[in-house]
Amino acid sequence: MYGLGLLKGLSVTLNRFVESYTEDVRWLIKRYAKVEFRSSKDARGTFTIEYPEQQVIMAEEFRVNPFLVYDEGENGEKNIRCTSCGICAKACPPQCIWIVRSNDPATGRPVPQPAEFYIDTDICMNCGMCAEYCPFDAIKMDHDFEVASYTRSLKNKEQLMKPATYYKSIRPLNFAREEAARAEKAAAKAAKA
Amino acid sequence: MLWNDLGAYFNPALYAVEERELMLDIFEAVSGSRMMCNYHRFGGVVRDIDPASMQKIKDLVFDRLPRKIEEFERLLSENEIFVSRMKGIGYLSPADCLAYSVTGPTLRAAGIPYDIRRAEPYGIYDRFEFDIPLKHNSDLMDRYLVRIEEIKQSMRILRQALKDIPEGPVLANKPTYQIKVPAGEAYGRVEGPKGELGYYIISNGKGNPYRYHIRTPSFVNITSVEKMCVGTKIADFVTILGMVDIVLGELDR
Ligand code: SF4
Ligand code: SF4
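As they're listed, the protein sequences go chains A and B. 1 is the number of the first residue of the first sequence in the numbering used here; add one for each residue after it. 1 is the number of the first residue of the second sequence in the numbering used here; add one for each residue after it.
What the hints contain is simulated information worked out from the structure, not anything from laboratory work. Quantities reported herein were computed from a predicted structural model and do not represent experimental measurements. One or more of the hints may lead you astray.
[Unchecked claim] Chain A regions said to be covered by chain B (calculated; three or more residues, Cβ under 8 Å): (1) 10-21; (2) 129-138; (3) 178-190.
[What the hints assert, rightly or not] Pairs of lysine to any residue residues, derived as SDA-like cross-links and limited to a Cα-Cα distance of at most 20 Å, are as follows: (4) B:Lys206 - A:Pro93; (5) A:Lys8 - B:Glu78; (6) B:Lys163 - B:Ser53.
[Claimed, not checked] Label pairs and their calculated CB-CB ranges: (7) A:Ala106 - B:Asp50: 40 to 50 Å; (8) A:Thr83 - B:Lys163: 22 to 32 Å; (9) B:Lys163 - A:Glu178: 26 to 36 Å; (10) B:Val238 - A:Ala180: 53 to 63 Å; (11) A:Ile29 - B:Val45: 23 to 33 Å; (12) B:Ser154 - A:Lys8: 33 to 43 Å; (13) B:Gly231 - A:Met125: 42 to 52 Å; (14) A:Arg26 - B:Asn11: 15 to 25 Å; (15) A:Thr13 - B:Val238: 16 to 26 Å; (16) A:Pro163 - B:Ile69: 47 to 57 Å; (17) A:Arg44 - B:Gly242: 54 to 64 Å; (18) B:Glu226 - A:Arg44: 21 to 31 Å; (19) A:Asp122 - B:Gly111: 47 to 57 Å; (20) B:Gly231 - A:Arg152: 53 to 63 Å.
Virtual Cβ for every residue (Gly too), placed ideally from N, Cα, C.
Produce the complete structure using the sequences and hints provided.
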């Protein structure tokens, strides 16, 4: 019969239409659990996530804009992990990292700490190469994606520095893995000595 | 795209976007970014798939997507408006397909079983069992049916891949961000959803390529639009264009 295929198609649409309401009622109270459900294989009903009230579940590997990790010392000093080796600046495809090495004012010898560290986050394409190739786990990718701004955002060392505890909070698995690798290395070194 | 052009305003397209969204969620969990995955490295990939994502992939492939494809077919394949707008429209003879270097579903709907995964198997495609969907009328309806069938074949490949996916290291050599390629030239091609996607590189022995060209399927396929359109109604133009399935990023060569 002519029109049967049409009705068949429309039944799908109607089903979806009804579902979008029944699902809304089902999640009326636990609106935040709905996001989890929407990302699962059984997702039904309205698919849109109402940002900023709701947010998608952020994956650990999600990456935007790098930051510099520092370890907190006992009396609050910031021990930056970066040794200004420059590998990240070389690996960076759009070349948006600038590092100024520092010298000891007394002896004039270079010290393994950057005097200045700039990342032009407007040019940065969030590829994650710098974090991947840094041999000291000193530069890592952030989770903070709300980076819109009215001005150019060239970030300097102060703005880029974030504590290791923050890094642990956003990437617990990676952090644990790196800590384990470091501990192993230290143990191997101690055994040798 | 096409369904939008046909006046089924946004509904079918958005239903498909839901599934795409779930897949992109997996991309994001595995590689860190939805679109700019940056997942491949020289000699492997950057990291292994985590167990949670693996489970999600399996859920999608074995459970959700078959259901959704079925729903999709129910929605569209027999729809009279849809069929009458597509049957017999946009004919392109097999000879013209070859003359215009058309690849992908358009070529296969013209009865030419050309798929690089079979013609010149790359990767591990020689290990999978799959059919090349083939139709002979070379009109829009056939191109649509070929595409739907291709989704099912892709699912079949995925099921085989998921069954046999091995454990082990994901990167063969030491991670490097740049490699020195010996001087010379190379052309590599894969079968994309829209046709043959080829990369042509000339190296002069330095770290960066000397010349680099991408052969995108959309760019080549769209040249055949004229041939398909001549003699049809103006209103059919949008349908034909929609069925070529262009991506503007690929057209901008
Ligand atoms: S962030 Fe890492 S790779 Fe970059 S200069 Fe510092 S130590 Fe080297
Ligand atoms: S994420 Fe990529 S583009 Fe951004 S600073 Fe790091 S290497 Fe450069």
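Verification of the supplied hints:
no.	hint	in the structure
1	10-21	holds (count 4)
2	129-138	holds (count 3)
3	178-190	violated (count 0)
4	B:Lys206 - A:Pro93	holds (16 Å)
5	A:Lys8 - B:Glu78	holds (8 Å)
6	B:Lys163 - B:Ser53	holds (15 Å)
7	A:Ala106 - B:Asp50: 40 to 50 Å	holds (49 Å)
8	A:Thr83 - B:Lys163: 22 to 32 Å	violated (46 Å)
9	B:Lys163 - A:Glu178: 26 to 36 Å	holds (33 Å)
10	B:Val238 - A:Ala180: 53 to 63 Å	holds (58 Å)
11	A:Ile29 - B:Val45: 23 to 33 Å	violated (42 Å)
12	B:Ser154 - A:Lys8: 33 to 43 Å	violated (25 Å)
13	B:Gly231 - A:Met125: 42 to 52 Å	holds (46 Å)
14	A:Arg26 - B:Asn11: 15 to 25 Å	holds (23 Å)
15	A:Thr13 - B:Val238: 16 to 26 Å	holds (22 Å)
16	A:Pro163 - B:Ile69: 47 to 57 Å	holds (48 Å)
17	A:Arg44 - B:Gly242: 54 to 64 Å	violated (28 Å)
18	B:Glu226 - A:Arg44: 21 to 31 Å	violated (44 Å)
19	A:Asp122 - B:Gly111: 47 to 57 Å	holds (51 Å)
20	B:Gly231 - A:Arg152: 53 to 63 Å	holds (55 Å)
Checked against the numbered hints listed earlier, the structure breaks hints 3, 8, 11, 12, 17 and 18; every other hint is satisfied.
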